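Novice: The primary structure of each chain is shown beneath.
There are 2 protein chains.
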Amino acid sequence: MDERALLQEVYAIIGREHCLDDCAVIPCGEQFLVATTDMLHETTDFPAGITDWQIGWMSAAVTLSDIASMGATPAVLLLAVGLDDPSRLGEILRGARDCCLEAGGYIAGGDIDHHTELTIVSSGIGMVAPDHIVRRSGARAGDLVCVTGVPGCAQAALNGYHQFDKALMEPRARVREGEVLGRTGATSMMDISDGLAISLYDLLEANSCGYSIDREKIPAPAGVPADEAITLALYGGGDYELLFTVPHDWVAPPGFHYSVIGSVIPDHCVLLDGNVMERKGYEHTWVRGARGPDLPGNGGVQ
Amino acid sequence: MDERALLQEVYAIIGREHCLDDCAVIPCGEQFLVATTDMLHETTDFPAGITDWQIGWMSAAVTLSDIASMGATPAVLLLAVGLDDPSRLGEILRGARDCCLEAGGYIAGGDIDHHTELTIVSSGIGMVAPDHIVRRSGARAGDLVCVTGVPGCAQAALNGYHQFDKALMEPRARVREGEVLGRTGATSMMDISDGLAISLYDLLEANSCGYSIDREKIPAPAGVPADEAITLALYGGGDYELLFTVPHDWVAPPGFHYSVIGSVIPDHCVLLDGNVMERKGYEHTWVRGARGPDLPGNGGVQ
Chain A
0 MDERALLQEV
10 YAIIGREHCL
20 DDCAVIPCGE
30 QFLVATTDML
40 HETTDFPAGI
50 TDWQIGWMSA
60 AVTLSDIASM
70 GATPAVLLLA
80 VGLDDPSRLG
90 EILRGARDCC
100 LEAGGYIAGG
110 DIDHHTELTI
120 VSSGIGMVAP
130 DHIVRRSGAR
140 AGDLVCVTGV
150 PGCAQAALNG
160 YHQFDKALME
170 PRARVREGEV
180 LGRTGATSMM
190 DISDGLAISL
200 YDLLEANSCG
210 YSIDREKIPA
220 PAGVPADEAI
230 TLALYGGGDY
240 ELLFTVPHDW
250 VAPPGFHYSV
260 IGSVIPDHCV
270 LLDGNVMERK
280 GYEHTWVRGA
290 RGPDLPGNGG
300 VQ
Chain B
0 MDERALLQEV
10 YAIIGREHCL
20 DDCAVIPCGE
30 QFLVATTDML
40 HETTDFPAGI
50 TDWQIGWMSA
60 AVTLSDIASM
70 GATPAVLLLA
80 VGLDDPSRLG
90 EILRGARDCC
100 LEAGGYIAGG
110 DIDHHTELTI
120 VSSGIGMVAP
130 DHIVRRSGAR
140 AGDLVCVTGV
150 PGCAQAALNG
160 YHQFDKALME
170 PRARVREGEV
180 LGRTGATSMM
190 DISDGLAISL
200 YDLLEANSCG
210 YSIDREKIPA
220 PAGVPADEAI
230 TLALYGGGDY
240 ELLFTVPHDW
250 VAPPGFHYSV
260 IGSVIPDHCV
270 LLDGNVMERK
280 GYEHTWVRGA
290 RGPDLPGNGG
300 VQ
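Chains A and B supply the protein sequences, listed in that same order. Just so you know, the first sequence maps onto residues 0 to 301 in numbering that gives the first Met the number 0. Just so you know, the second sequence maps onto residues 0 to 301 in numbering that gives the first Met the number 0.
The shape of chain A in the complex, shown without the other chains (with noise of 0.2 angstroms):
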């Protein structure tokens, strides 16, 4: 069963407008919440030598990424932990608030199982006012197409670039800037835990324009060879980076950094230096996704 047919049944059973988003959309009074579900593996999701304080903390980050690049303010997580050693526990809990207590919202409860391998499942609810709400849809020709950050920086570390170590093991939700991108009118977003390039795709899916990117205005890891470096920015996963276009004319707040690398054009395709650009990133076996791929639906994934 190949990846394609798996998310047409998705998309026949639980409807494809609840898959387009890194999380789900829900009216609530004046507000808009959004909520996200994220299934993390011992052996699959965690790298090697990472300590339970880093697990918690980025079993809580990638879930407040999601809520980031909806543009929302995180409320409350929720950890589901299948622990094979109880005494695991504490540290994960302490690193998952931690994380909270910088990015924002707090463990508001959960569920604690025995598991032959450690699972972690960190689901999250934030809110948005509905005119600040940014989604993968909604990008216009004549838009920037800009990221946040430098994506490789993960990547980079699992091929062995130490320094790096910190933006894998500890990745850093965008929350603030996605506050700030959906006050200040970011047309489209979605965080690249999956990898840049395949983030753009994703972008294309949900929209009927494409993408133009320009490689050498695509920041990249520092003290990498250059063609390493590109490869790590496009097509490495584990980077919690906000991708996002915004009006050409658009006036980024004091201390936003950011970097510009493209733009949005009318034809449905992502192009690099004016060439198609391989569709490529972090694939499980029979679906896609960074670290558990999409269940449609909402944010799937990241």
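These are computed hints drawn from the structure, not numbers from a lab. Warning: the hint list may mix true and false statements.
Identical copies look the same in the list; a pair holds intra-copy or inter-copy alike.
Mimicking SDA-like on lysine to any residue, the simulated pairs with C-alpha atoms at most 25 angstroms apart in a straight line are [unchecked claim]:
no., residue 1, residue 2
1, K279, P85
2, K165, T43
3, K216, T183
Since the model is a prediction, treat every value here as computed from it, not as a measurement.
Chain A is fixed; fit chain B onto it per the hints.
Specialist: Same frame as chain A, now just chain B:
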């Protein structure tokens, strides 16, 4: 590491106040959101012979039941599914969708992953007016102690009384009953997924009063020898009925089916026919709980 030490550690990290109800409670404009998450594993949580459709149904029902036990109305469900075999996903999603169609809410998203053992984490959000929310705390001496349906049926099926297989494998979340109880002044409530006796002790933990139960008033599975039936009703797990208290002069709305099984007493204890009731239920090795015990937080389990 015993259960009590683990729970004390969790309380210290995330706050005991988040650990007393079936759901976390989050103010949202003029409403309260309730949110809960439940982790289920193939070998420990799903009975032999269950179909994938029923696995999906049950995964949704356990979470909808948590929402029901707060008096809330289900809004959305998120499903994180770790699949050993991708061809199972369709039936699992159909089962969860069909449960939502009956009980309320809809599947708004999730996450799909490959995993050696089928693992499903169902997270749900419900909404309730602040005046209508019902918590585990709130019981007052003189109140009546009541239960919906017949406790013990799920355990009866596990004991070989196959007329109860459907109760075990396709539990009904008592959403309509929970809403009615919220609107008509129930003073406290939880579901009895861990068993009736242990749920009375959970209520005890959240209240300063106690409970006096009459064995002969407890409804028990029909067609089972009397002694075994009452044991099933008291100590069996896997029933998603509501245990609740109401003022002694409460009048049930027409068509509302329930049983009065005892009364709330000033003394902080649980009595069965005047003697202290055994604190026994479905237990994991090292943490309390039905199908994955409380990560306090909120509605850990159920």
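Novice: With reference to the structure, classify each hint as holding or not holding.
Specialist: These are the hints, each one checked on the structure:
1. With identical chains, the CA atoms of K279 and P85 are at most 25 angstroms apart between copies only, with a shortest distance of 22 angstroms across copies and 38 angstroms within one.
2. Proximity of K165 and T43 under a CA criterion of 25 angstroms is satisfied intra-copy only: 18 angstroms inside one chain copy versus 36 angstroms between copies.
3. When the C-alpha separation of K216 and T183 is checked against a cutoff of 25 angstroms, the pair qualifies only within one copy, where the shortest distance is 23 angstroms, while the shortest distance between copies is 63 angstroms.
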